[in-house]
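Asks: Let the sequences and hints guide you as you build the complete structure.
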Amino acid sequence: MQPAKTVLNIDSLFTEFNTIDGTARAVNDVTFDVKRGEILGIVGESGSGKSVTALSIMRLIRPPGSIRRGRIEFFGRDLMGLSGDEMKDVRGNRISMIFQEPMTSLHPLFTIGLQISEMYIKHMGLSKKEAWEHAIEMLEKVQIPSPEKRVKDYPHQMSGGMRQRVMIAMALSCNPELLIADEPTTALDVTIQAQVIDLMWQLEKEYSTAIMMITHDLGVIAEIAQRVIVMYAGEIVEEAEVNQLFEQPKHPYTRALLEAIPKLGRRTRMGRKPLQEIKGIVPGLYNLPAGCNFYPRCPEARPDCRLSDISLIDLGIRGRVRCPYYQGAKA
Amino acid sequence: MKKKYPHDVVSSSGNIGSAAENPMLSVEDLKVYFPVETGFLSRRREYVYAVDGVSFDLKKGETLGIVGESGCGKTTTGMAVLNLEQPTSGRVVFKGQDITDFRKLSTETQLQLRKEMQVIFQDPYSSLNPRTSLDKILEEPMKVHGLYPSPGERRDRVAYLLERVGLTPSQGKRYPHSFSGGQRQRIGIARSLALNPSMIVGDEPVSALDVSIQAQIINLLIDLQSEFDLSYVLIAHDLAVVEHISDRIAVMYLGRIVETAPYDRLFVNPLHPYTQALMSAIPVPDPKARKNRIVLTGDVPSPRHPPSGCAFHPRCPERLAECSESAPGLLHKGQAHHVACHLVR
Chain A
3 MQPAKTVLNI DSLFTEFNTI DGTARAVNDV TFDVKRGEIL GIVGESGSGK
53 SVTALSIMRL IRPPGSIRRG RIEFFGRDLM GLSGDEMKDV RGNRISMIFQ
103 EPMTSLHPLF TIGLQISEMY IKHMGLSKKE AWEHAIEMLE KVQIPSPEKR
153 VKDYPHQMSG GMRQRVMIAM ALSCNPELLI ADEPTTALDV TIQAQVIDLM
203 WQLEKEYSTA IMMITHDLGV IAEIAQRVIV MYAGEIVEEA EVNQLFEQPK
253 HPYTRALLEA IPKLGRRTRM GRKPLQEIKG IVPGLYNLPA GCNFYPRCPE
303 ARPDCRLSDI SLIDLGIRGR VRCPYYQGAK A
Chain B
13 MKKKYPHDVV SSSGNIGSAA ENPMLSVEDL KVYFPVETGF LSRRREYVYA
63 VDGVSFDLKK GETLGIVGES GCGKTTTGMA VLNLEQPTSG RVVFKGQDIT
113 DFRKLSTETQ LQLRKEMQVI FQDPYSSLNP RTSLDKILEE PMKVHGLYPS
163 PGERRDRVAY LLERVGLTPS QGKRYPHSFS GGQRQRIGIA RSLALNPSMI
213 VGDEPVSALD VSIQAQIINL LIDLQSEFDL SYVLIAHDLA VVEHISDRIA
263 VMYLGRIVET APYDRLFVNP LHPYTQALMS AIPVPDPKAR KNRIVLTGDV
313 PSPRHPPSGC AFHPRCPERL AECSESAPGL LHKGQAHHVA CHLVR
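These protein sequences, in sequence, are chains A and B.
Residue numbers in the first sequence follow our numbering, run continuously in steps of one, and reach 333 at the last position.
Residue numbers in the second sequence follow our numbering, run continuously in steps of one, and reach 357 at the last position.
Hints may contain errors.
[What the hints assert, rightly or not] Straight-line C-alpha distance at most 27 Å; calculated DSSO-like pairs for lysine-lysine:
{"#": "1", "chain 1": "B", "residue 1": "Lys148", "chain 2": "B", "residue 2": "Lys71"}
{"#": "2", "chain 1": "A", "residue 1": "Lys154", "chain 2": "A", "residue 2": "Lys143"}
{"#": "3", "chain 1": "A", "residue 1": "Lys275", "chain 2": "B", "residue 2": "Lys127"}
{"#": "4", "chain 1": "B", "residue 1": "Lys148", "chain 2": "B", "residue 2": "Lys116"}
{"#": "5", "chain 1": "A", "residue 1": "Lys207", "chain 2": "A", "residue 2": "Lys37"}
{"#": "6", "chain 1": "B", "residue 1": "Lys300", "chain 2": "A", "residue 2": "Lys37"}
{"#": "7", "chain 1": "B", "residue 1": "Lys300", "chain 2": "A", "residue 2": "Lys265"}
{"#": "8", "chain 1": "A", "residue 1": "Lys151", "chain 2": "A", "residue 2": "Lys90"}
{"#": "9", "chain 1": "A", "residue 1": "Lys265", "chain 2": "A", "residue 2": "Lys7"}
{"#": "10", "chain 1": "B", "residue 1": "Lys127", "chain 2": "A", "residue 2": "Lys207"}
{"#": "11", "chain 1": "A", "residue 1": "Lys207", "chain 2": "A", "residue 2": "Lys143"}
{"#": "12", "chain 1": "A", "residue 1": "Lys275", "chain 2": "B", "residue 2": "Lys185"}
{"#": "13", "chain 1": "B", "residue 1": "Lys185", "chain 2": "A", "residue 2": "Lys281"}
{"#": "14", "chain 1": "A", "residue 1": "Lys275", "chain 2": "B", "residue 2": "Lys155"}
Hints are computed from structural coordinates only; laboratory data are not their basis.
None of these values were measured; they are calculated from a predicted model.
Replies: Written out as structure tokens, the structure reads:
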């Protein structure tokens with residue numbers, strides 16, 4: 003295996019939304035990297051900042067939102083310093099993104115063939131005819147039956163699962179180095195979700211594209227990711243290799259989250275015990291609590307947790323955790 | 013109200029579930045078709061076969077979970093039970109009374125039924141009136157039904173309900189927008205309890221919620237069931253949630269029940285290939301358990317043009333020749349386990 007090459011390096015990213023209600027600190031000092039050929043999972047609940055992180059990388063944050071600080075290095079080049087045109091050349095070509103809702107991310111008035119072709123025409127300068135051929139090829143790769151026929155379909159003629167395949171085909175058409183998938187299977191039924199996850203696995207092997215998989219579903223993370231980042235209220239609270247995260251979760255939030263999910267077959271095997279709740283609600287981003295953001299809900303909170311902000315502790319090979327009293331810490 | 017349980021409604025037609033006692037709810041061969049006009053000149057009338065012959069019983073205090081993918085008819089089944097959709101044919105019997113054709117019932121009976129059968133909707137954002145305070149949301153059904161006639165009694169009842177679902181009475185003055193999704197779902201639950209119903213239909217009550225909040229609401233639903241002596245029909249797509257809550261589970265595919273069993277039998281021994289595929293498709297939160305999934309090919313067919321024979325046959329990995337010719341009926345395999353599949357004899 004080649005030494006893992008860093009595709010993307012995000013350093014101290016702060017993204018904010020200034021509204022009449024105040025400043026929402028959606029992404030708060032986020033630092034991580036994505037390596038070549040890996041699938042990095044980013045998991046968190048709504049409002050945890052996972053999607054805003056993705057949009058920040060693509061520089062798709064619109065006012066009132068803005069990236070206040072931070073570096074987004076793609077192969078060593080800071081994307082923050084690029085002009086609009088330069089960024090357009092990166093988007094879709096070298097970094098592409100799949101969104102949750104496959105209906106709203108396709109143009110309803112153009113055939114899918116035309117929409118995939120556009121990628122080749124814009125980014126690779128191919129002729130219309132060549133681009134069309136490539137579009138059919140791409141549809142075949144994402145396992146759409148009779149692609150030479152379906153290429154002439156409009157989005158409304160396809161099912162949700164098919165449309166998400168088209169999105170994947172489009173995203174991979176220019177052979178990008180990084181694919182950001184934001185909840186790509188959330189809107190799909192489980193049997194279709196299984197198909198799409200399988201497809202992403204295969205494509206990752208074939209193209210060795212780095213994938214950033216954003217989801218709220220820990221099950222999907224366990225199936226697909228190699229390394230996982232857990233986010234809570236705009237911050238990274240834990241990062242670990244996937245087996246470690248599920249076997250020895252360190253942060254109290256990660257542990258609580260894993261306990262809170264009903265697991266298939268558990269009641270049948272072990273009888274019904276109440277699910278472990280996480281009390282309270284996710285804090286509003288306008289007025290985050292002082293100190294640790296998870297403090298008000300944490301079952302293991304100590305008085306000093308709210309005195310000062312908690313920094314992310316680097317544990318080397320065991321990942322990172324934002325809690326001084328994490329599971330396994332020296333007492 | 014006079015609650016008489018005539019003897020003739022006990023399921024005789026191969027209905028699911030135990031027929032030992034009179035069920036609270038009995039659904040027999042329920043069909044709900046929606047007409048659609050097609051064709052430009054020749055105005056052909058086609059139908060969406062949303063629910064196509066569904067039968068089940070629900071006992072007092074029991075929870076029946078209905079699972080299936082989008083378009084399988086699980087929500088329509090629930091709405092037809094509540095008569096929020098008019099059944100095309102079949103029978104819905106609630107506490108011994110045939111309520112299939114709601115319009116034929118007296119206004120008084122209709123009101124009584126509305127009081128007894130309540131619903132919790134999926135989306136806590138769109139199911140609450142944004143211009144009405146919590147107090148009013150909870151008081152209004154009591155006024156309509158003439159329960160708790162004095163304002164003082166109503167206030168007490170509202171305060172009790174709010175506390176019971178984990179809110180504080182002082183929050184009653186506030187409007188829905190100032191609550192989070194999980195809190196709104198608590199409001200929806202409080203509203204459904206306001207009239208002391210005997211049955212609640214929950215249409216995906218936790219699927220719009222975050223994991224940490226979902227656990228709170230699931231625990232709440234289970235606690236309330238014993239406290240208020242409720243029967244639940246729980247419609248959901250998440251099998252793990254359904255296993256946790258339900259006593260009995262019915263798996264639906266394209267308008268029909270393909271398998272039904274007590275929760276533990278279903279998980280230990282799923283007999284229908286669709287149930288097996290559904291269970292194997294669920295991502296398990298354990299990376300060591302990455303497994304060889306049964307990945308079904310193709311999509312769920314449209315309920316407008318359901319396949320011939322067994323509706324699952326085009327996607328079934330184990331189909332036989334006869335599967336495309338005749339639709340299998342539900343067969344009893346013992347211990348209240350029923351399955352509709354030609355492979356199971």
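Asks: The structure should be examined with respect to each hint, and the outcome stated for every one.
Replies: Okay, the hints, checked on the actual structure:
1. Lys148/B x Lys71/B: Roughly 33 Å between the alpha carbons, so the hint for Lys148/B and Lys71/B is violated.
2. Lys154/A x Lys143/A: It holds: about 17 Å lies between the C-alpha atoms, which stays within 27 Å.
3. Lys275/A x Lys127/B: violated (31 Å)
4. Lys148/B x Lys116/B: violated (31 Å)
5. Lys207/A x Lys37/A: holds (14 Å)
6. Lys300/B x Lys37/A: holds (23 Å)
7. Lys300/B x Lys265/A: This hinted pair holds, its Cα atoms lying about 15 Å apart.
8. Lys151/A x Lys90/A: violated (31 Å)
9. Lys265/A x Lys7/A: violated (36 Å)
10. Lys127/B x Lys207/A: Status violated; Cα separation ~57 Å.
11. Lys207/A x Lys143/A: holds (13 Å)
12. Lys275/A x Lys185/B: violated (35 Å)
13. Lys185/B x Lys281/A: holds (23 Å)
14. Lys275/A x Lys155/B: violated (38 Å)
Hint compliance for this structure: hints 1, 3, 4, 8, 9, 10, 12, 14 are broken, all remaining hints hold.
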